Amino acid sequence: ELRMDKVKLNLLIVMAMAMMVVPMEATTLSVGDSIGWIRPASPLYYLLWGITHNVSVGDVLFFNFTTGYHNVVQVKREAFLACDASDPIISYTDGFAYMDIPIPNQYYIICSIGDHCQAGQRFVANVPAPKLL
Numbered sequence: 001e002l003r004m005d006k007v008k009l010n011l012l013i014v015m016a017m018a019m020m021v022v023p024m025e026a027t028t029l030s031v032g033d034s035i036g037w038i039r040p041a042s043p044l045y046y047l048l049w050g051i052t053h054n055v056s057v058g059d060v061l062f063f064n065f066t067t068g069y070h071n072v073v074q075v076k077r078e079a080f081l082a083c084d085a086s087d088p089i090i091s092y093t094d095g096f097a098y099m100d101i102p103i104p105n106q107y108y109i110i111c112s113i114g115d116h117c118q119a120g121q122r123f124v125a126n127v128p129a130p131k132l133l
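Following UniProt numbering, the numbering of the sequence shown begins with 1 at its first residue and continues without gaps.
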């Protein structure tokens, strides 16, 4: 009977913790805002965009670009730093690409066309774990 009470208590604790997660409403964020996903005039444009936009679990990143002129490639950190898309996690080649953000993580995103990444067409989306109440 004591064991059953502990099981019930643990179950109640888990249920209470699950209810304490703050529900987040999913948002679609347009990467690059009004200019979309293009080779930037400033090499800092998308890095600053990534820093100034809060991306949360459940959000969707929208990339507006011309097919054939740009792409969206998620890579590992080392590949991001080197602008190396040879081992992509996922890639999108059609304009109007939507990328789901399913879990907390650091998402390293580049364009692998020409010198676009080296010119600054890359950013990091830092996605934290959902907050507890």
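These are calculated hints, taken from the structure and not from any lab test.
Be aware that a few hints might be false.
Pair by pair, the computed Cβ-Cβ distance ranges are [unchecked claim]:
id, residue 1, residue 2, range
1, 86, 128, 42 to 52 Å
2, 131, 69, 18 to 28 Å
3, 94, 33, 29 to 39 Å
4, 132, 93, 36 to 46 Å
5, 77, 57, 15 to 25 Å
6, 69, 132, 15 to 25 Å
7, 67, 132, 34 to 44 Å
8, 28, 105, 24 to 34 Å
9, 47, 86, 31 to 41 Å
10, 98, 68, 39 to 49 Å
With a straight-line Cα cutoff of 20 Å, these simulated EDC-like cross-link-like pairs (lysine to aspartate or glutamate) come out [said to hold, decoys possible]:
id, residue 1, residue 2
11, 131, 94
12, 131, 33
13, 131, 115
14, 76, 115
Quantities reported herein were computed from a predicted structural model and do not represent experimental measurements.
All residues carry an ideal CB built from backbone N, CA and C; glycine is no exception.
Hint by hint, here is what the structure shows:
1. 86 <-> 128: 42 to 52 Å: Roughly 29 Å apart at Cβ, these two residues miss the hinted range, so it is violated.
2. 131 <-> 69: 18 to 28 Å: Distance hint for residue 131, residue 69 is violated at roughly 39 Å.
3. 94 <-> 33: 29 to 39 Å: Since residue 94 and residue 33 have Cβ atoms about 21 Å apart, the given range 29 to 39 Å is violated.
4. 132 <-> 93: 36 to 46 Å: holds, 39 Å
5. 77 <-> 57: 15 to 25 Å: The hint (15 to 25 Å, Cβ to Cβ) holds, given that residue 77 and residue 57 are roughly 20 Å apart.
6. 69 <-> 132: 15 to 25 Å: Hint violated: Cβ distance 43 Å, outside 15 to 25 Å.
7. 67 <-> 132: 34 to 44 Å: Since the Cβ atoms of residue 67 and residue 132 sit about 42 Å apart, the hinted range of 34 to 44 Å holds.
8. 28 <-> 105: 24 to 34 Å: violated, 18 Å
9. 47 <-> 86: 31 to 41 Å: violated, 22 Å
10. 98 <-> 68: 39 to 49 Å: The hinted range 39 to 49 Å is violated for residue 98 and residue 68, with Cβ atoms some 18 Å apart.
11. 131 <-> 94: Status violated; Cα separation ~34 Å.
12. 131 <-> 33: violated, 26 Å
13. 131 <-> 115: With Cα atoms ~38 Å apart, residue 131 and residue 115 exceed 20 Å; violated.
14. 76 <-> 115: Satisfied, since the Cα-Cα distance of roughly 18 Å is no more than 20 Å.
Violated hints, in rising order: 1, 2, 3, 6, 8, 9, 10, 11, 12, 13; the structure is consistent with all others.
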